[in-house]
Amino acid sequence: MKLTLGRTWLFNPYLQLSLFAFISLSCSETGRRAENSTAEQQTVPIAKPVSEVKPASVVIKPEPAPTNVPEATIANAATISARKQVPVLCYHQIRNWTSRDSKSAKDYIMPEETFRAQLKMLADSGYQTILPDQLYAYLATGAPLPPKPVMLTFDDTALDQYAVAAPEMERYGFKGVFFIMTVSLGRPRYMTRAQVKELADAGHVIGSHTWDHQNVKKLKDQDWVTQIDKPTKQLEAITGKPVKYFAYPFGLWNPAAIPELKKRGFTAAFQLSTKRDPEEPLFTIRRTIASGFWSPRILHNSMVERFK
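Its first residue numbered 1, the sequence shown is counted upward by one per residue in the UniProt record's numbering.
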């Protein structure tokens, strides 16, 4: 059975403008992002529920997430910043390239076989996926991690993250973090609410990525309700679980955004590759975009070099 995905974006003018900005701006480490806005109509197979995917013969099980960390045990910023960084990979679209994809867009479009090869490399190399609670406990208190930890994160709610990435991760017992842009839920080429819940039920973590991918550096007053409060409540209603982690759209942040996130109960936040804030390292955790051009070897070398 196949699901045919149309090309039409059913947005009002405001959302058209927002999505135009979303497609045009960069979600990369240099602040420029290219999206394929003219992709031809695609046919995407409906994935088996991730809970039904049979694992490979060798399964690496993630360590259980710790309970809440008492405030009194949290280390100071200097101690947190001094801890060795954990590789955190950021993926967007998991699909094969088309003739319409520009060279810059291909950095954010991961061909399916390349993604499978990257996951196989991680498993064969002994990496174990961790989830945000584990990373937070390690950074805040020095709690132990597996010998070779890695975090897999996915931005923007693309359907192929559910249809392609999640079943492949399940083969190795890998779990990931899906940062959801709620404006897209149920729209063509994006996940539905039921699929987001299924990911959460399967042990993945659902995080917030704003309502429609707005730069938090520009948010004011009521914008925080629209972009953060309402989407967070919606995701918590969908999953039945608290939403404690946030990924900055485009990887862009400023010091003024951090107290706003703290007031809303977030535990930590993820940017891209710029330097961590020395005063707020838990709200400027670094990630790197896994490029569609990277072989497994290049990915591994990048992980070693960029997270020290």
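Just so you know, the hints here were simulated from the structure itself, not pulled from any lab data.
Take the hints with a grain of salt, since some may be wrong.
To be verified - Only pairs whose alpha carbons sit at most 25 Å apart, straight line, appear in this in silico SDA-like list of lysine to any residue:
| # | residue 1 | residue 2 |
| --- | --- | --- |
| 1 | Lys244 | Leu185 |
| 2 | Lys244 | Trp294 |
| 3 | Lys197 | Pro278 |
| 4 | Lys106 | Lys148 |
| 5 | Lys148 | Asp124 |
| 6 | Lys217 | Thr274 |
| 7 | Lys262 | Pro242 |
Remember, it's a predicted structure, so these values are computed and weren't measured experimentally.
Hint by hint, here is what the structure shows:
no.	hint	result
1	Lys244 with Leu185	19 Å, holds
2	Lys244 with Trp294	31 Å, violated
3	Lys197 with Pro278	35 Å, violated
4	Lys106 with Lys148	28 Å, violated
5	Lys148 with Asp124	12 Å, holds
6	Lys217 with Thr274	15 Å, holds
7	Lys262 with Pro242	14 Å, holds
This entry does not satisfy hints 2, 3, 4, going by the numbered hints stated previously.
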